[in-house]
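J.: Produce the complete structure using the sequences and hints provided.
Number of protein chains: 2
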Amino acid sequence: MANASPIDILKQNNLKHTKQRIRVLEDISANATAVSQPALEKKLGKEIDRVTLYRILNTYVEKGILHRIVDQNGTANYAICSSACSAEQHHDEHVHFNCTNCNKVFCLATKVPEINITEGFKAEAISLIAYGICKECSKTLTL
Amino acid sequence: MANASPIDILKQNNLKHTKQRIRVLEDISANATAVSQPALEKKLGKEIDRVTLYRILNTYVEKGILHRIVDQNGTANYAICSSACSAEQHHDEHVHFNCTNCNKVFCLATKVPEINITEGFKAEAISLIAYGICKECSKTLTL
DNA sequence: ATTTTAATGCAATTAGATTGCATCTTATCT
DNA sequence: AGATAAGATGCAATCTAATTGCATTAAAAT
Numbered sequence: 001m002a003n004a005s006p007i008d009i010l011k012q013n014n015l016k017h018t019k020q021r022i023r024v025l026e027d028i029s030a031n032a033t034a035v036s037q038p039a040l041e042k043k044l045g046k047e048i049d050r051v052t053l054y055r056i057l058n059t060y061v062e063k064g065i066l067h068r069i070v071d072q073n074g075t076a077n078y079a080i081c082s083s084a085c086s087a088e089q090h091h092d093e094h095v096h097f098n099c100t101n102c103n104k105v106f107c108l109a110t111k112v113p114e115i116n117i118t119e120g121f122k123a124e125a126i127s128l129i130a131y132g133i134c135k136e137c138s139k140t141l142t143l
Numbered sequence: 001m002a003n004a005s006p007i008d009i010l011k012q013n014n015l016k017h018t019k020q021r022i023r024v025l026e027d028i029s030a031n032a033t034a035v036s037q038p039a040l041e042k043k044l045g046k047e048i049d050r051v052t053l054y055r056i057l058n059t060y061v062e063k064g065i066l067h068r069i070v071d072q073n074g075t076a077n078y079a080i081c082s083s084a085c086s087a088e089q090h091h092d093e094h095v096h097f098n099c100t101n102c103n104k105v106f107c108l109a110t111k112v113p114e115i116n117i118t119e120g121f122k123a124e125a126i127s128l129i130a131y132g133i134c135k136e137c138s139k140t141l142t143l
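Quick note, the sequences are listed as chains A and B, same order.
Under the numbering used here, the residue at position 63 of the first sequence is numbered 63, and the numbers go up by one with no gaps.
Under the numbering used here, the residue at position 95 of the second sequence is numbered 95, and the numbers go up by one with no gaps.
Read the hints as simulated data drawn from the structure, not as lab findings.
Careful, some of the hints might be misleading.
Copies of the same chain look alike in the list, so a pair counts if it works inside one copy or between any two.
[To be verified] Dumping the calculated SDA-like pairs for lysine to any residue here, alpha-carbon to alpha-carbon at most 20 Å:
| # | residue 1 | residue 2 |
| --- | --- | --- |
| 1 | LYS43 | PHE121 |
| 2 | LYS122 | VAL112 |
| 3 | LYS104 | GLU124 |
| 4 | LYS111 | ALA125 |
| 5 | LYS122 | GLY132 |
| 6 | LYS111 | TYR131 |
| 7 | LYS111 | HIS94 |
| 8 | LYS43 | ASN58 |
| 9 | LYS111 | GLU124 |
T.: This is how it looks when you write it as structure tokens:
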């Protein structure tokens, strides 16, 4: 279930398998880093309408197929969820890294630690984003 | 230096003290929670031009006077920095709580723990946002 | 008081995201 | 397979956040 095919994922979630939905899943899973909405639109904009893309992404987030990481600029980035995610709950418990140079969002292996939340507040999800310079950019910038 | 007046803050940062800048600081510090850009604009829109507001907020973030918390929707929220912040570095090391019901952003007392970042990535700032239902909304929602 | 320096306001523009509605496609049911 | 129901797509329009250029105005320095 770790690397299910796009069609399997759609079946598991009772979603009609349209070519647009398959393209989006293929494209996002082909990428090592999370993909931003603008990048997706740029790449798929000729095959898929802007609005459809937004709707597909929202459905995927709701179903727990993708997780959405909003970066410092307020831009939405998308990455495939681990199999532990569902429509009921996201278990996107790893740290993200947002490069302030290239703007890419990376999923790090580091897990989000337990956080002690103030009495009275009911936390349902935690987002931990580190900002700085990514591996590739630090090479380029020091040259 | 903990609760410096708007004018003091401007002096300390070599910023001209205009009535617009003072209003923004007054308004944000009057609030217990972080204030969103839309809320600020709604409140100050008749005294301060939209564009000026954006520019003031950006200068304040650059100078380390305010910190910006981007919530799940990509909306910018602003809160007064602790005195430890400067133009060189933000020490906004506490956890934020973003209510998914009323959208307010709270600064919690909880500190952000040490995070082990993957080799090669250079983290400069950490943002830890918990999403869920805030104190007030949990009261209202259970009624 | 004059000059310098920088902030403000206005108009226009860019970009991300959303809504309503007609059309088309997928899946279902004979 | 063919008809039908359910739902997804595309298009036009709209909304909101944010940014840029430029003329005007206000604050600080001399």
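J.: Which hints from the list above does the structure break, by number from lowest to highest?
T.: Going through the list in order, the structure violates hint 1 alone and respects the others.
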